[in-house]
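Spelled out from the first residue to the last, the chains are:
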Amino acid sequence: MANLKIKVGTLQLKNPVMTASGTFGYGTEYSDFMDISRIGGIVVKGTTLRDRQGNQYPRMAETPSGMLNAVGLQNKGMEYFINHIYPTVKNIDTNILVNLSGSTIEDYIEGAERLNELEKIPGIELNISCPNVKEGGMAFGTSCLSAAQVVKAVRRVYKNDIMVKLSPNVTDISEIALAVEAEGADSVSLINTLLGMAINSETRKPVLSTITGGLSGPAVKPIALRMVWQVAQAVKIPVVGMGGIMNATDAIEFILAGASAIQVGTANFIDPTVTIKVLDGINDYLERHKFSSVSDIIGAMEI
Amino acid sequence: MKKFMLDLIIKENVQLSNQYALLILTSSDKLPEMLPGQFAEVRVDGSSEVFLRRAISINYVDYSKNELWLLIQVVGEGTKRLAALKSAESVNLLLPLGNSFSIPSNKDSKVLLIGGGVGVAPLLFLGDFLKSKGIEVNFLLGARSKADLLQMSEFERFGTVYTTTEDGSHGEKGYVTQHSLLRESKFDHIYTCGPTPMMKAVAAYAHKTNTNCEVSLENTMACGFGVCLCCVTDTVDGHLCVCTEGPVFNITKLKWQI
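Line by line, the protein sequences are chains A and B.
Everything in the first sequence is counted per my numbering, starting at 13 for the first residue and increasing by one.
Everything in the second sequence is counted per my numbering, starting at 255 for the first residue and increasing by one.
I should point out that these hints are in silico values taken from the structure, not numbers from a laboratory.
Where hints are given, some of them may not hold.
Unchecked claim - Here are the simulated DSS-like cross-link-like pairs (lysine-lysine), alpha carbons at most 30 Å apart as the crow flies:
1) K284(B) x K88(A)
2) K88(A) x K509(B)
3) K17(A) x K88(A)
4) K88(A) x K256(B)
5) K289(A) x K256(B)
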């Protein structure tokens, strides 16, 4: 058994396999299928200060090797999370991170302040990259100035780990990564979904109620891998890679590109046990290549 | 109910027509308990066009033969591949998913199960279940023409079957909601599954006649167990996932304009 332990920012992960926000609910939805405490971390569904109904149906379109979604951060709000979800998820023996989103900087600050109260939440994933909301979300993550402003404001009030989730819908993702690093982010995670759209040619109507939505799945993997590599070159803080990871080989590619940990997203919908397969597969790879620790292969792509 | 991911084996693929196939699946292990109205998420392998699982209603479960039946209508690449599965091939399924139809506690309840097209699928299992509880079952099944009326002999095992076809080739001509049965009889419970316009017309009838009515929705979904939040329907309690809060909803909960 190789050593799979890894430190990401201030987080101690038992292994580098995490789940991406919005694809793993609050973890408990998967407990019939697998032992959820085996994975390194769970990033819970995007949470906003106040409850959100999200966008109108239809919110999903299947595309070649992927899917578009336009959920729009449907969630029951921070108060509900604290009173009804936290009491259950705090007992899961892994790192539970809350994906925090907001329409204004004040929302982010207030949300982060509330999360300070929760002893068993070791960090937040700051979502400045949701493409499916009209206000906030991706708007913050597509300019260095606004990305830096949000991180700076949250850093001032939040005492635990801040992982900043970056948008790929930018000209140069490394610049954004450097801007959030400079304001005290502990790590960055990438990529959020790529903005896309689908049209039904028979009805001549858009498939999604919002016309555009976020593309995920294996279709985005080469782009995600390239961006993780670029960002890992640019910043000193750890990078958490995601985008179309379907198996251990995909996960290892991200680690070789420079990711300290990875998040499995859309694949959870197709195989609810995929995280365990990725985890076991990473261990098999390390043993087969005679690496004693997963940290030995971070950024180990040979050029 | 506990959910499972299982590899089941195709025992038989009965081609009902070039558009419909009945997959009879089995397993060396005992199949888990399932309830009428629930569904399975069926994995489709071997195509990059078909990325997600397909949500398919549980058509029937024969526990004595350890058989699960899935009725497949070919509508796209995914269902085309499912309908082409051959005996002894393995299929990966998540099940049982979703809620189920409510079963009346009063055995003397008059119940009517209204299905249209491939939407008849869950009503067979429901008919069996109701009959086993000692409730007399009436089916009202509608289709475009006689060739699209599926599993008629199976439905007749569990109750009285009334039909409508749009071309008049079987039963009364017209839509299910035009059938004389609805004018002549009064029911306590109506259960319906089929195309949305049909279910809305049934719901309007139930609303007008003050009849308890449950509908089974079929919104597109990615996961099938409440995490992707893609399959929501608008209800009096806000956006709810069809996969976990449904697929069966009482019409009083939906915001349908009926």
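Evaluated hints:
Taking the CA atoms of K284(B) and K88(A), the gap is near 39 Å; set against the 30 Å cutoff, the hint is violated. With a C-alpha separation of about 20 Å, the suggested pairing of K88(A) with K509(B) holds against the 30 Å cut-off. Proximity of K17(A) to K88(A) is assessed by CA-CA distance (about 33 Å); at most 30 Å being required, the pair is judged violated. At roughly 25 Å between alpha-carbon atoms, K88(A) and K256(B) fall within 30 Å of each other, so this suggested pair holds.
Between K289(A) and K256(B) the CA atoms are separated by roughly 21 Å; this keeps the pair inside 30 Å, and the hint holds.
In this structure, the hints that do not hold are numbers 1 and 3, in rising order.
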